[in-house]
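Protein chains: 2
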Amino acid sequence: MMSERVICEKEAVWTDGAGSGVTDERVEDWLYALRHMDTLAIEHEGQPVSYRELAERVASRAAFLAELGVTRGERVAVLMAHGLLFAITLHALRYLGAVTVPINARLSLEEMVWQVDDVEARTLLCDEAHEVQRIAICERLSHVRAWRCAVEMKEGKRAFAPDSICLSDVQSIIYTSGTTGRPKGALLTYGNHFASAVASALRLGMLPTDRWLTALPLFHVGGQAVLMRSIIYGTAAVLQDRFDEAAHRARLLQGDITMVSVVAATLLRMMDDEVTFPAALRVVLLGGGPAPAPLLKRCIARGVPVVQTYGLTEANSQVATLRPAEVSSRVGSAGQPLMSSTVRIVDERGEYCPPNGVGEIQIKGPTLCAGYWQEKKVRSALAEDGWFHTGDIGYLDEEGYLYVLDRRKDLIVSGGENVYPAEVEAVLLTHPSVAEAAVVGRDDATYGQVPVAVLAVHAPYDEAALLSFCRAQLAGYKVPKQLLVVDRLPRNAAGKLLKREMRLWF
Amino acid sequence: MMSERVICEKEAVWTDGAGSGVTDERVEDWLYALRHMDTLAIEHEGQPVSYRELAERVASRAAFLAELGVTRGERVAVLMAHGLLFAITLHALRYLGAVTVPINARLSLEEMVWQVDDVEARTLLCDEAHEVQRIAICERLSHVRAWRCAVEMKEGKRAFAPDSICLSDVQSIIYTSGTTGRPKGALLTYGNHFASAVASALRLGMLPTDRWLTALPLFHVGGQAVLMRSIIYGTAAVLQDRFDEAAHRARLLQGDITMVSVVAATLLRMMDDEVTFPAALRVVLLGGGPAPAPLLKRCIARGVPVVQTYGLTEANSQVATLRPAEVSSRVGSAGQPLMSSTVRIVDERGEYCPPNGVGEIQIKGPTLCAGYWQEKKVRSALAEDGWFHTGDIGYLDEEGYLYVLDRRKDLIVSGGENVYPAEVEAVLLTHPSVAEAAVVGRDDATYGQVPVAVLAVHAPYDEAALLSFCRAQLAGYKVPKQLLVVDRLPRNAAGKLLKREMRLWF
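Residue numbers (full-length UniProt numbering), protein chains in the order written: chain R, 1 to 506; chain C, 1 to 506.
Take the hints with a grain of salt, since some may be wrong.
[What the hints assert, rightly or not] If you anchor each label on the Cβ, the simulated ranges turn out as follows:
1) C:Pro278 with R:Ala475: 52 to 58 Å
2) C:Gly386 with R:Gly386: 23 to 29 Å
3) R:Thr71 with C:Ala159: 56 to 62 Å
4) C:Ala161 with R:Asp444: 46 to 52 Å
5) R:Ala161 with C:Arg158: 55 to 61 Å
6) C:Glu111 with R:Thr71: 58 to 64 Å
7) C:Asp347 with R:Thr71: 34 to 40 Å
8) C:Ala159 with R:Pro432: 46 to 52 Å
9) R:Ala161 with C:Ala459: 55 to 61 Å
10) C:Gly386 with R:Thr71: 28 to 34 Å
[As the list claims (entries may be wrong)] Rough simulated footprint, nothing fancy, chain R against chain C, three-plus residues with beta-carbon under 8 Å:
11) 197-207
12) 336-343
The hints are simulated quantities; they were obtained by calculation from the structure and are not laboratory data. Using N, Cα and C, we set each Cβ at its ideal position, and we do this for glycine too.
Could you build all of it, start to finish, from the sequences and the hints given here?
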């Protein structure tokens with residue numbers, strides 16, 4: 001039976017049960033437990049929704065979806081840019097025990113069709129903005145029933161009360177953003193969400209009055225985690241459907257936001273003037289890749305409580321996060337591993353690195369996904385011993401603080417020397433002419449590879465001055481051998497640089 | 001082997017593994033992970049100790065205890081009134097994998113000897129204040145090695161690094177305070193502490209800058225929980241060795257305390273004047289039995305953020321706790337069950353009560369202890385299906401809020417009517433002449449039992465006026481048939497009324 005397959009997927013992957021530490025534990029549904037609360041659950045583009053109202057909407061949406069025939073364990077593709085609608089849908093699918101498969105709204109139609117087909121979804125739920133895609137996907141996949149949804153719509157006749165939550169059940173399948181290679185669907189369980197929410201709260205603190213602002217896409221793990229954490233904490237998620245620096249800043253300046261999730265590119269744009277953020281803002285959580293040190297230093301100098309985190313889809317967001325009190329003393333570190341998560345550094349021979357030794361970051365813990373969809377053999381990434389090989393390069397210092405250098409596949413080896421693009425990018429970004437920078441490798445007859453850079457610049461811009469600026473701060477083999485200026489750097493929906501694409505330009 | 005016995009005790013008790021939900025999961029030692037932090041870990045009677053310093057003291061104390069021959073799994077009796085010394089000892093024993101058995105410092109020598117013997121301790125650690133007891137216990141139990149400890153003392157030669165923590169291991173055995181019957185030793189695991197700390201944080205909030213003040217005895221579960229939570233959160237515990245209202249209030253008025261644990265008797269004494277508590281004080285956590293409504297109302301009227309909780313030793317403190325935002329709208333309720341805990345109400349025929357139906361409170365969840373020391377058969381209290389029968393009487397309303405009426409054994413049945421002493425006490429306490437009140441049952445030839453009261457009063461006091469005050473608010477069968485005035489009501493070390501003792505007075 002299909003419905004049992006997803007639920008049992010975990011056993012197929014984790015023979016030793018090391019995935020989450022929790023197996024058959026059940027808890028009361030998180031949202032349902034809060035259904036009598038009149039406090040803020042979600043604010044969407046300025047519109048407040050209380051827990052009572054959210055729970056009512058979710059219960060009647062779940063009843064409606066049940067009438068449509070959505071069943072327990074079924075994988076339902078969700079293609080929505082509308083944050084409130086996405087949240088209602090996600091929780092309603094949980095009420096039904098169905099699995100949410102968020103489709104990246106920025107994918108090409110081909111990619112969407114591939115993903116809906118790969119995950120064997122029978123049902124696709126879209127918002128009005130994706131009517132074209134809805135019709136096109138149905139044409140290509142005739143067995144898929146696709147429904148256009150809206151926040152206000154005819155709902156199910158009877159109220160729907162959810163079962164308790166089984167922590168080992170799969171809540172969603174999120175395809176890795178796939179800056180290279182074919183995307184894989186990470187199976188995120190309720191236990192992953194609970195462990196992740198708890199570990200984040202223990203590191204960053206949590207108040208019942210918290211309001212967490214984000215414009216990160218909800219179809220990525222960082223955005224979805226804000227929704228799930230809020231429901232587990234009983235706090236408010238403040239959603240903006242797309243990042244607009246003026247709107248984001250304006251919302252922050254209202255003074256009630258306590259937490260905000262950003263990536264370096266969005267933080268950079270928000271920091272582009274002399275605004276002072278309100279005192280209630282406790283944490284600016286910076287994820288999505290190694291952060292440029294100049295940006296961090298600028299934030300610290302201006303009293304912005306920026307806290308670097310290292311996370312990934314397979315670990316349901318955060319793995320390590322700096323403590324707010326350590327922001328000034330540990331610039332550039334992503335902090336110690338979160339409670340219950342373990343990080344180790346392994347060199348190319350498969351041996352543990354000593355403190356400060358650079359190697360691959362490998363992780364283990366209860367936030368690690370139960371495996372990949374459709375992969376029975378997991379010898380590679382999600383290893384049998386419970387360690388996940390991230391493909392990221394970094395080191396742990398003597399006190400267990402993690403420093404992330406780069407993606408291993410982004411590493412440039414030039415004449416036998418390692419060049420970490422993130423380090424070169426950080427130097428480029430300190431130059432007043434440079435707005436954005438990406439460093440990639442170009443094949444070279446003499447050195448194997450040499451670093452080259454793609455830049456977005458402010459006028460006026462003097463190439464020779466910039467290169468001499470770099471030579472003053474970097475070893476010669478690290479200085480970019482070619483500069484390419486563009487209007488805006490290509491990024492995926494999560495704000496990550498698309499280096500694969502840029503490599504093709506050289 | 002002794003050391004394996006304690007660790008396996010859980011299996012003997014919980015054949016279905018329903019105890020904690022976590023079985024063999026390991027986490028890095030909580031204190032050891034914080035050993036590089038210079039933030040406040042403990043303030044003891046005004047003396048600050050940072051995490052770095054605490055970890056150093058604990059590591060060398062653990063080395064010292066290892067040299068004395070303390071081994072993994074060994075039960076070590078700890079008789080200390082000195083809070084900092086108690087904390088160092090507790091953490092050092094954890095570093096060794098030994099089990100802490102806190103001895104209630106207010107027990108008679110006979111009771112102490114019985115407990116040290118019952119738990120089969122080979123080692124007893126005392127502070128200087130308990131030198132007389134140390135010598136006397138050794139005389140009675142010749143196989144026990146007893147050591148006098150101090151904060152400053154010769155320590156072990158080498159630094160001691162702890163193993164990771166196995167969440168199913170027993171951390172401590174706390175004997176139930178035993179207001180009636182023979183005490184039983186509740187086996188509290190690391191998993192209990194972790195689940196408890198997490199659930200408390202999710203209900204009350206937690207900030208890395210929190211400072212939790214308490215003068216509750218550390219040998220009881222409420223005091224020990226403050227120590228364990230602080231280490232799990234990485235926040236500060238502010239300890240006073242005994243409750244003194246002036247010292248307690250003075251410390252609160254310094255303005256940095258965010259949380260404080262109290263019982264009704266201590267809160268009543270603190271509230272005895274017109275002090276305004278600082279804004280940083282987020283939660284006054286009120287436990288130790290049903291709280292008198294007049295006290296709650298007085299706190300709310302004065303803006304004191306009092307939050308009622310229902311807890312017990314076997315559940316490692318809190319089971320249900322009100323949310324801070326619900327304080328005014330749910331006066332008298334102990335709130336919904338904490339995250340992952342479940343509460344049900346069962347009547348005398350063993351059937352579930354409907355909402356608002358009064359019956360025994362039964363609980364289940366990951367904070368529930370692994371069983372009782374030396375009890376292989378657990379058909380009674382810790383039932384095989386994972387439900388703990390608390391012996392407390394209460395009800396859940398339609399929205400899952402718990403109202404605790406009284407201990408079942410304190411219930412008075414008078415002429416076929418139930419009289420809840422807590423209800424009568426609450427009325428007595430609203431009278432301006434009454435400082436403290438306890439209502440117990442006295443045998444009666446006509447009614448079986450009748451309610452009678454023990455009072456501590458303010459002068460002037462008019463018995464007839466007080467009784468007519470009661471008659472105006474209570475049904476006749478609930479009005480005390482006899483009043484006994486004393487200087488101060490007898491309480492155990494946790495501040496609970498010793499009703500067993502008072503019953504003998506009539």
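Now the hints, each set against the structure:
1. C:Pro278 with R:Ala475: 52 to 58 Å: Distance hint for Pro278 of chain C, Ala475 of chain R holds at roughly 55 Å.
2. C:Gly386 with R:Gly386: 23 to 29 Å: Given a distance of about 27 Å, which is inside 23 to 29 Å, the answer is holds.
3. R:Thr71 with C:Ala159: 56 to 62 Å: 58 Å, holds
4. C:Ala161 with R:Asp444: 46 to 52 Å: 48 Å, holds
5. R:Ala161 with C:Arg158: 55 to 61 Å: 59 Å, holds
6. C:Glu111 with R:Thr71: 58 to 64 Å: 60 Å, holds
7. C:Asp347 with R:Thr71: 34 to 40 Å: With a Cβ separation near 37 Å, Asp347 of chain C and Thr71 of chain R satisfy 34 to 40 Å, so the hint holds.
8. C:Ala159 with R:Pro432: 46 to 52 Å: 49 Å, holds
9. R:Ala161 with C:Ala459: 55 to 61 Å: Holds: the Cβ-Cβ distance is about 57 Å, inside 55 to 61 Å.
10. C:Gly386 with R:Thr71: 28 to 34 Å: 30 Å, holds
11. 197-207: Three-residue rule met by the stretch 197-207 of chain C, so holds; n is 7.
12. 336-343: holds (count 4)
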